[in-house]
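Chains as they are written, first to last, in our numbering: chain R, 1 to 294; chain F, 1 to 464; chain Z, 1 to 294.
These aren't lab readings, by the way, just hints derived from the structure by calculation.
Treat the hints with care, as some may be off.
To give a feel for the contact side, a few chain F residues facing chain Z, derived at Cβ under 7 Å [claimed, not checked]:
id	residue
1	Asp104
2	Asn107
3	Asn133
4	Tyr135
5	Asp278
6	Ile294
7	Ala373
8	Gln425
9	Thr428
10	Gln435
11	Ala439
In this text, a Cβ means the ideal position worked out from N, Cα and C, and glycines have one as well.
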Amino acid sequence: MKITSGRTKAYRTVTLIVLIVLALLFLFPLYWILTGSVKTMAEINSATPRWFPQEFTLRNYAELFSRRSAPLLSLFGVEVGKVPGAIRWLLNTVFMAVMAMILTCITAAMAGYALAKKRFFGRTLLFSLIVAAMALPKQVILIPLIREISALGLYDNIWAVIFPTVGWPFGVFLMKQFSEGIPGEMLEAARIDGASELKTFTSVVVPLIKPGIGALAIFTFINSWNDYFMQLIMLTSSKNLTISLGIATMQAENSTDFGLIMAGAALAAVPIIVVFLIFQKYFTKGITMGAVKG
Amino acid sequence: MKKYLAILLALVLVIGLAACGGTTATTTTDQQTTTTTTNNEPATTNTEPAAEGEPAAATEITLWTYPIGNWGNEEAVKALTDAFTAETGIKVTVEYLTYADGDDKVNTAITAKAAPDLIMEGPERLVANWGANGYMVDISDLFDDTDKAELNAAALAACFTDAGAAYEYPLVMTAHCMAINWTAFVEAGADQYVDRDSHTWTTQQYLDACAALYAYYGDTFSGIYCSGQGGDQGTRALVNNLYGGTFTTADHSAYTWDDPLNVKALKTIYDLQGVEYDPSINGGEEIANFYNGIFKMAYCWNIAQQLNPNSAGTGAGLTATGDEIVFMAFPADGDPALQGGIWGFGIFDNGDAARIEAAKQFIKYFCDSEHTADAVRTANYFAARSAAEGTDLSAIWADNEIMNEYTKLMPYLGDYYQVTKGWAQARTAWWNMLQQVGASDGSEEAIAAAVASFAAEANAAAQG
Amino acid sequence: MSKALRRRENISGYLFLLPSLIFFLGFVVFPMILCVYTSFFDAKLSANVPDAFVGFQNYVTLWKDPVFLKALVNTFIIVLVSVPVVCVFSLWVASAIYKMKEGALSFFRIVFYLPVVTGSVAVTVVWKWMYNNYYGIFNYLLKGMGFIEKNINWLGDPKYALACIIIILLTTSVGQPIVLYVSALSNVDQSLVEAAEVDGATNLQVFWRIKWPQIMPTTLYILVITTINSFQCFALIQLLTSGGPNYATETVMYYIYYTAFKLNNFGYGNAMGVILAIFIAILSAIQFRLAREK
Chain R
1 MKITSGRTKA YRTVTLIVLI VLALLFLFPL YWILTGSVKT MAEINSATPR WFPQEFTLRN
61 YAELFSRRSA PLLSLFGVEV GKVPGAIRWL LNTVFMAVMA MILTCITAAM AGYALAKKRF
121 FGRTLLFSLI VAAMALPKQV ILIPLIREIS ALGLYDNIWA VIFPTVGWPF GVFLMKQFSE
181 GIPGEMLEAA RIDGASELKT FTSVVVPLIK PGIGALAIFT FINSWNDYFM QLIMLTSSKN
241 LTISLGIATM QAENSTDFGL IMAGAALAAV PIIVVFLIFQ KYFTKGITMG AVKG
Chain F
1 MKKYLAILLA LVLVIGLAAC GGTTATTTTD QQTTTTTTNN EPATTNTEPA AEGEPAAATE
61 ITLWTYPIGN WGNEEAVKAL TDAFTAETGI KVTVEYLTYA DGDDKVNTAI TAKAAPDLIM
121 EGPERLVANW GANGYMVDIS DLFDDTDKAE LNAAALAACF TDAGAAYEYP LVMTAHCMAI
181 NWTAFVEAGA DQYVDRDSHT WTTQQYLDAC AALYAYYGDT FSGIYCSGQG GDQGTRALVN
241 NLYGGTFTTA DHSAYTWDDP LNVKALKTIY DLQGVEYDPS INGGEEIANF YNGIFKMAYC
301 WNIAQQLNPN SAGTGAGLTA TGDEIVFMAF PADGDPALQG GIWGFGIFDN GDAARIEAAK
361 QFIKYFCDSE HTADAVRTAN YFAARSAAEG TDLSAIWADN EIMNEYTKLM PYLGDYYQVT
421 KGWAQARTAW WNMLQQVGAS DGSEEAIAAA VASFAAEANA AAQG
Chain Z
1 MSKALRRREN ISGYLFLLPS LIFFLGFVVF PMILCVYTSF FDAKLSANVP DAFVGFQNYV
61 TLWKDPVFLK ALVNTFIIVL VSVPVVCVFS LWVASAIYKM KEGALSFFRI VFYLPVVTGS
121 VAVTVVWKWM YNNYYGIFNY LLKGMGFIEK NINWLGDPKY ALACIIIILL TTSVGQPIVL
181 YVSALSNVDQ SLVEAAEVDG ATNLQVFWRI KWPQIMPTTL YILVITTINS FQCFALIQLL
241 TSGGPNYATE TVMYYIYYTA FKLNNFGYGN AMGVILAIFI AILSAIQFRL AREK
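Only chain R is shown next, with the shape it has when bound in the complex (with noise of 0.2 Å):
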């Protein structure tokens, strides 16, 4: 018995060893931006790299806000204020993010309902026709894709990029498999007490699957926020560009000027690390609620 658990102890030493090398592997790309944000072009490109910038400067920030100004906001063609080109890369990417969440969520909610509750025609049919789309990557429509957009008119627009993430069918998927939990009794009790079809779904299916619908937003934001290659091929204007778009530019324009990049990639990353960190229990939570019944 005492050999037994000397071993796991010291099993349990050398996985906490490993575990903090795994940790701290992964906390250093980030690392590598902040401080590279604020290195020297000669510290950057020496040969010996430094750990820690030496010399601070704030150099990168500066010519990364005195890029492309773009006008704030457009409204109706009326354009307000004036901002360097990565804020307005910015809030454009955080309205896409926010757009393609609700839209995805209030959709999926719907759809993955009636295909888990609802005994329609061409129900099976359609589910696998979900299912098969559901790992498709996006650059086999490529052509057909940016056809359709410029036929709809929304070719460089940011709904080009929101439209077709909201028809991704993965968001459907996942509330099928969550609807499929609530208890036929409650619905048939609902229609009972003479609840219309839309008053059933909101007051008794989205109270139950409202986790699964956490699990669906987040993981919506973030695959939206993610997805370069919609954004890639939708947006050409400096000022409609998306923070991802914008640091790949500015990496094809200034291929080695790291500390340009990295303050770009700073800018991306910090505010959705923050809202990350503070939201960090409900995104947990939302994770695996999502995955409990998936």
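Using the hints provided, position chains F and Z relative to the given structure of chain R.
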């Protein structure tokens, strides 16, 4: 907490919705073709109905420009377009492309029928690619006899197709060259192989210089960049010049880069110590590495780079650490053949006569008027014409020593073969070939095989 | 079920589905149909040459295109390596941390989740810098510790490039699975575990006999999301290697983009999309068959 969150969310939504609602409105106007009369633009509503054959110019056009000297610099371009707007009332929205992803962007935009009105680049894209594929407006009516006399003959020829259509109006031109870090050369004792005065060297001198550099630094000092097509004129010129190989036939009907002389050059480069095929960088990154002192030579060079290395604004002819940069012709036995760069404007055919008319005014203003001198100076290259509407352009760089020195290279300007059919596919095949050569075992057979298969790919594209 | 009720079910089912269907059919299914249609044409980016019907010609050419075949192989290497590695790695991390105190637990959870929220483009650009041949941190470290003599051109060497891409993909993929496994493991019925321990079962036996079956649904869910995630590696390829060196990191997803916008060959690109879609549909079908059996 929840309440504040809700308020915050609502705020973001409203702001965003408004912002993007606005975007929708502007994009729609951008895309409207023949009827530009929307509520947002009272100016257009007041425009007189277009007289037959003489359409009124639109009041808003878009220009996409590649980084051609300071035409890639927002501030410099804004000064130019503001002056244009003040005089003509035509507002110009400028987007800045890069060589790394610019072509993808333009092609995407063409697919989406949202190409810009004006584009600034060279004949290989404007004439041989988008022009040949029917997306550009024929602007041959902009060239009168005086213009044709004033314009450089080679530049003029490159902007016209065989059928006599013109898809580019040339503004500036130069010869592409390479550069060496003189300070490093002196340190390594490689300066003895370089004639600073004539800016030329033989193949043997180049090889000797490389040997001296490697003996001194013992590490990679030069990269044959090939992660993409950016700056490929440099790698092509190096390979062609070393042993006198060719790239296309003289009549630009087929690609001949499977020339054994090119295979020999690629093999020589493979075997050179300190010079590596590097598929992780492109031309722009090579320049940056050179500027930062990592590379001692750069193949992606020209006068604009010499005047403002790495566009960093830290002094003409100097690296980041203050080393002296000397521009050089590509090493060759006999006269080197330098790749030309010819840049100007072309007009995309978006089916809107008013916008085309405005774009033509733009071209006239910058390429053929008293304002041309400013446009040329901004580009940091030589004017493509001797004079424009009475303004002499031949002497605009007279007070610039570096420019004067650079004219020594101009006689070596070689054939402008970039207008060969299938150019877009051919240059793609070129950098993929360099990657394969670099990844091969370096045997002559392996290199010849790579060269042959990619040259065949390019020729398939040239056949149509 | 009465006829009237069935009709009501049908109609309400469709109505609930409608919002989602508009997006799904409009921005996924419809472009996919167009994609299949165009794949039978020799369609180029050219206003001069009309699209010509060529039947299955594009598909025939595909199977003779060594680059496409290489891309197909690479795509499956990425998926087949990253999916199991992500599952095993996150399960290991989760079992090492799930019994820790709340503070330590959430620390590790946050750290492993950080690359996900940092954003794919921001993560990619910092890795690009770390991999840099001339002044990247990896070459500096390895050289300093004497493991290598000459710099390794990580992204420029066909031997390493694909592995380098997969490593980045892994760091951005394990966040969610770890969170999921932690919650699944803490939900395992403790009485069963204790009973087994009393019977003298080893840790390994407890894991396989008791825990593994109980976390199976989570594992399946993780398999699905990781597979989806692995197909979304476009940004990594486009920003780091453009499919090079010598096609070592070419994936079908990138090759479609490349064919469309560098070679301007739309019909051919669409044919690739169709083939990829078929492969993915088969893969999804297998996964769901597995899921149903369990």
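Evaluation of the provided hints:
Evaluation of the Asp104 of chain F hint against chain Z yields a held restraint, the C-beta minimum of about 4 Å falling below 7 Å. Taking 7 Å as the C-beta cut-off, the interface hint given for Asn107 of chain F holds, the closest approach to chain Z being about 4 Å. Among the interface hints, the one on Asn133 of chain F holds; its C-beta lies about 4 Å from the nearest C-beta in chain Z, closer than the 7 Å criterion. Restraint check, Tyr135 of chain F versus chain Z: the minimum CB separation of about 6 Å is within 7 Å; hint holds.
Taking 7 Å as the C-beta cut-off, the interface hint given for Asp278 of chain F holds, the closest approach to chain Z being about 5 Å. Residue-level restraint check for Ile294 of chain F holds (minimum Cβ-Cβ distance to chain Z is 5 Å; threshold 7 Å). Given the 7 Å rule on beta carbons, the hint for Ala373 of chain F is violated: about 36 Å separates it from the nearest Cβ of chain Z. Annotation: Gln425 of chain F was flagged as interfacial toward chain Z, and the flag holds, the nearest CB pair being 6 Å apart, inside 7 Å.
Interface hint status for Thr428 of chain F: upheld, as the beta-carbon distance to the closest one in chain Z is roughly 5 Å, under 7 Å. Hint on Gln435 of chain F holds. Least Cβ distance to chain Z is approximately 5 Å, under the 7 Å limit. Hint on Ala439 of chain F holds. Least Cβ distance to chain Z is approximately 4 Å, under the 7 Å limit.
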